[in-house]
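Colleague: Below, each chain spelled out in residue letters.
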Amino acid sequence: MMSNTPEELKYATSHEWVKADEEGNVTVGITDHAQDLLGDIVFVELPEVGSLVAATDEAGVVESVKAASDVYAPVAGEIIEVNEKLNDSPELVNSDPYGDGWFFKIKMSDSADLDNLLAADEYSEQCESE
Amino acid sequence: MLIFERSQPGRSSKAQAPNAGLDDSLLPDKFRRQQPAELPSVSELQVVRHYTNLSRNNFCIDTQFYPLGSCTMKYNPRGAHKAAFTPGFLQRHPLAPIEYSQGYLSCLYDLQEILKGVTGMEAVSLAPMAGAQGELAGIAMIKAYHDDRQDTARTEIIVPSAAHGTNPATATMCGYKVREIPVNREGDVDLDALKQVVGPQTAGLMMTNPSTCGVFERKISEIAEVVHTAGGLLYYDGANLNAILGKVRPGDMGFDVIHMNLHKTFATPHGGGGPGSGPVGVADRLKPYMPIPVVAKEDVVFCWLDQEDLPKTIGPMSAFMGNAGILLRAYAYALMLGREGMIRVGEFATLNANYLAIRLQQAGYTLAYPTRRASHEFILTLAPEEKAYGVTAMDVAKRLLDYGVHAPTTYFPLLIPECFLIEPTETESVEELDAFVDAMIKIRGEMESSPELLKSAPHTTPVRRLDDVKAARELDLRYAKPVQATQT
Amino acid sequence: MPFIPHTEADIEQMLQVLDIHHIDTLFDEIPSALHAKELGNIDPGRSEMDVLRLMQERAELDAGAMCFLGAGAYEHHIPSAVWDIAARGEFMTAYTPYQAEASQGTLQLIYEYQSMMTALMSMDVSNASLYDGGSALAEAILMAVRANRKSKSRRVLYAGTTNPRYVRAGRALVAGQGIELVEIPRQNGALKIRLDDLQQYAEQDYAAIILPFPNYFGQLESVHEIVDWAHGQKMLVIAAVNPIAVSALVPPGEWGRQGADIAIGDGQPLGLPLSSGGPYFGFMCCRQAYVRQMPGRIIGKTIDLEGRTGYTLTLQAREQHIRRSKATSNICTNQGLAVTAATIHMALLGAKGLAKVALASRRNAVRLAVLLSQIEGVACLNDGDSFHEFVLRFDTDLDTVMDALHEQAILPGIALAGDFPDLPNCLLVCATETKQESDLETYRSHLEQVLAEREGT
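Residue numbers (the working numbering), protein chains in the order written: chain A, 1 to 130; chain B, 1 to 488; chain C, 1 to 457.
Hints in this document: simulated from the structure, not taken from any laboratory. Beta carbons: idealized from backbone N, C-alpha and C, even for Gly. A couple of the hints might just be wrong.
Said to hold, decoys possible - Over 10 Å on every C-beta distance to chain A, these chain B residues come out as not near it, computed from the model: (1) 228; (2) 392; (3) 473.
To be verified - Cβ-Cβ distance ranges computed for the label pairs, FRET-style: (4) 36(A) to 185(B): 24 to 30 Å; (5) 309(C) to 284(B): 38 to 44 Å; (6) 19(A) to 183(C): 24 to 30 Å.
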């Protein structure tokens with residue numbers, strides 16, 4: 001089964017998706033491909049609001065029954081919001097990875113970081129070659 | 001039913017508590033417990049019956065073939081257990097003075113000597129309480145050695161990708177960065193990859209031999225040379241020592257430090273997950289750093305070597321002296337085996353594994369390393385079956401339970417898809433091995449005729465497949481007394 | 001061949017299947033230079049009868065003394081049923097319960113154990129055990145440093161009244177991670193920490209404080225006040241407790257306004273024989289909020305395909321076999337069989353039975369302290385806030401007194417001066433419920449006699 005990889009998003013090689021708005025804030029989650037590999041998500045550890053992250057820093061953990069994986073900040077900046085719903089309903093990451101299953105929002109310190117990310121087709125290619 | 005659900009207020013096992021009344025009036029108020037702990041109130045017979053019945057919900061070596069790879073589930077001789085349960089040993093306080101310790105210490109001293117002889121190491125400390133703690137002691141000694149020489153730029157431990165999870169976890173606990181190197185198609189460490197990553201930052205390499213792939217690392221001498229030339233030390237994870245007991249000695253392979261799992265190779269019971277015991281053996285240069293205490297013999301008197309005697313020690317691993325009772329069991333087992341018995345352990349563990357591997361291959365199963373001799377264990381990959389019938393290694397594992405066999409280790413090592421790691425051990429008879437093959441042949445038939453039977457297995461165990469996702473999402477980790485409806 | 005069932009015919013048949021003539025051929029991939037040439041001085045194998053005889057003779061060498069030693073290992077009555085059941089092959093020869101369907105006995109038992117420990121400690125959650133009290137302290141230190149997000153510090157305070165053997169093991173086991181253990185010293189000669197002793201650590205960043213209860217000298221620390229102070233300083237509180245003691249004394253979950261955050265200790269008093277120091281087991285309980293930082297196995301309740309209740313290993317993603325270098329600890333096994341015994345032990349004694357053991361032990365210790373301190377030249381340093389251990393100070397050289405008592409088959413206690421230079425000629429003595437009045441009197445009369453003889457020389 002092909003994973004869903006929306007065209008309008010940017011992607012990190014470590015399987016996070018990124019959606020940027022005009023104010024320089026980005027929303028981050030993990031991709032459909034990633035949640036599919038992990039299986040039923042049982043726990044998500046989110047970063048603290050207000051913390052500063054550099055691109056590729058560990059910013060969270062996502063756990064299934066038989067695996068755990070770090071979630072990395074795709075861009076540098078300040079964590080301005082986290083998805084508290086995931087504390088009680090981690091299954092949202094499985095059911096709606098690009099919507100209600102988002103992880104956190106970052107206020108970017110340098111929007112040029114976005115240029116280092118992959119486009120949808122590049123990310124799909126990466127997944128296929130794994 | 002939980003023991004808590006058998007509880008009735010006012011009931012107890014009266015013979016077991018001292019006769020004294022519950023007079024706590026001498027206790028200062030602020031230190032008095034206000035509410036008694038909510039433990040069950042049950043009779044002695046209820047307790048005996050409850051736990052006896054619970055025990056019958058377990059598979060165990062005493063009742064089943066248990067070919068769990070990497071765990072060495074061999075027969076645990078009752079004599080060794082009885083020897084350790086001798087009243088004089090049970091009643092000995094860990095801090096008893098030396099004149100009330102000569103019997104115990106003489107056993108430990110002899111065990112140290114036996115382990116030295118059979119591994120080819122220069123000295124042994126029995127202090128670590130489990131394999132993982134033996135690993136910790138070993139890597140801490142490597143660190144102490146480099147630090148002592150002011151060789152502090154060594155920040156990395158190299159680990160093959162197929163290693164047990166404890167290896168990288170231990171290296172991290174000791175403050176090292178972990179560098180993984182790949183294993184090649186025949187199950188050997190990729191020597192070229194090793195050469196690329198060693199350097200002045202290398203503190204050491206951790207490996208098992210035979211490896212977790214169930215094959216002997218043929219280039220071990222070259223590996224040792226590469227690591228030693230770079231100034232690193234070589235750590236031997238003794239998880240697979242059973243394969244080569246009496247045949248090859250880690251000391252002769254060039255290892256500087258090893259741990260042994262007495263609960264595997266020396267047949268002490270696994271106890272449903274411990275207690276184990278993980279003594280460490282060292283080459284000469286690591287002797288000063290051994291974990292304490294170590295037993296020594298001065299003339300005819302046995303004594304402890306402590307901090308004053310080993311000032312550079314990495315310290316003690318426990319409050320007292322490791323899992324003493326396990327050491328006594330291992331000692332009794334070693335005495336019964338003797339020299340020739342130890343050699344046979346390696347030989348027959350290997351014979352059983354190779355026989356089982358060939359028979360399963362003849363039955364149509366796929367060996368992960370068909371060109372290699374198996375060590376004491378071997379890997380099947382069920383990837384072809386998964387492709388053909390849609391059944392996974394997990395399904396086959398669960399179905400084996402219905403045939404009264406404990407499942408082999410599944411999904412380890414991680415690099416082989418849909419794998420079974422199978423270790424029969426030397427104490428199983430050929431009839432038992434044949435019965436396992438028969439079960440696997442029948443299961444093969446079921447894959448074709450009724451794969452659903454496998455996917456929904458097990459069918460005969462006290463519970464069917466459990467919902468692990470629910471267990472993790474809706475954590476329920478202790479009994480909560482039902483809230484009684486109260487009338488208002 | 002001991003424990004190997006193969007007959008000559010079996011071997012022949014197996015070799016035929018393998019298409020080889022000798023077992024040694026199976027080792028042909030191993031470079032010949034590596035084949036073992038010698039095995040040191042290992043004797044030929046012996047029969048079970050011989051081995052049992054030898055072990056009995058050696059055990060007898062160590063037996064026969066009346067023991068008043070404690071310091072972390074305590075003599076208690078163990079109901080006969082405890083080890084009769086724990087030593088059943090189904091418990092003793094099973095492996096870690098990875099295959100849940102084939103391990104419900106062990107899994108349900110550990111779930112019951114977790115329930116009993118949380119009840120005893122008045123805490124939210126318990127793991128399935130660690131190796132022993134000393135290593136449990138080490139794991140608690142690592143856990144507290146991970147869990148305390150209000151602190152950036154890798155420093156942990158410990159009361160100078162903590163069992164020194166725990167501190168040494170803890171130090172050795174956390175050394176690799178750059179964690180500093182800082183001692184809160186006792187006032188010279190004091191057996192307890194005073195609130196004044198804490199003030200110099202206020203407004204400094206420490207991840208946690210370790211608080212023993214009872215402390216090494218048998219004294220009860222001012223746990224309520226110290227816990228509140230520590231929480232005010234944003235430290236986590238690690239309680240190091242005796243599980244028997246807290247069946248009658250205030251449990252760590254009820255210390256101060258919020259209770260301790262992590263409780264650890266050695267489970268030995270709950271049905272494990274003294275056995276030269278092991279196998280015992282370490283227990284660990286904590287607040288619900290820290291459960292994902294807890295090391296070791298944890299068992300959870302769930303349902304099977306048909307909706308029946310079952311038990312399984314859970315939260316495994318913290319562990320080394322999944323997380324590898326990022327695991328909470330490298331620990332894999334716990335002390336399963338020791339926990340099996342402890343669970344049966346707790347079920348047999350119940351809350352009342354354990355509290356009776358605690359109170360009877362305390363009564364004997366108090367009685368012994370009174371008897372011994374009546375002897376001239378012997379003083380008890382403890383105040384009334386004690387449990388079942390106490391410190392005696394001798395006006396004379398302690399070593400020679402101890403030697404004399406050893407000769408009379410009395411192990412009078414543990415000399416403290418080695419670990420605590422401010423307590424010269426001081427002895428740590430323990431009495432539990434196993435001692436009868438006549439035992440206490442035996443100790444008293446022998447000590448009196450030994451001291452009188454010294455006086456005479």
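Colleague: Run every hint past the structure and note whether it holds.
Modeller: Checked hints:
1. With a least CB separation of 34 Å from chain A, residue 228(B) remains clear of the 10 Å interface cut-off, as annotated.
2. For residue 392(B), the requirement that its beta carbon stay farther than 10 Å from each beta carbon of chain A is met, with the minimum near 12 Å.
3. Chain A draws residue 473(B) into its interface by the beta-carbon criterion, the shortest separation being 5 Å against a cut-off of 10 Å.
4. At about 28 Å, the beta-carbon gap between residue 36(A) and residue 185(B) stays in the expected band of 24 to 30 Å.
5. About 56 Å separates the C-beta atoms of residue 309(C) and residue 284(B), a value inconsistent with the hinted range of 38 to 44 Å.
6. The hint said 24 to 30 Å for the Cβ distance between residue 19(A) and residue 183(C), and at roughly 52 Å that hint is violated.
The structure fails hints 3, 5 and 6 (numbered hints given earlier, in ascending order).
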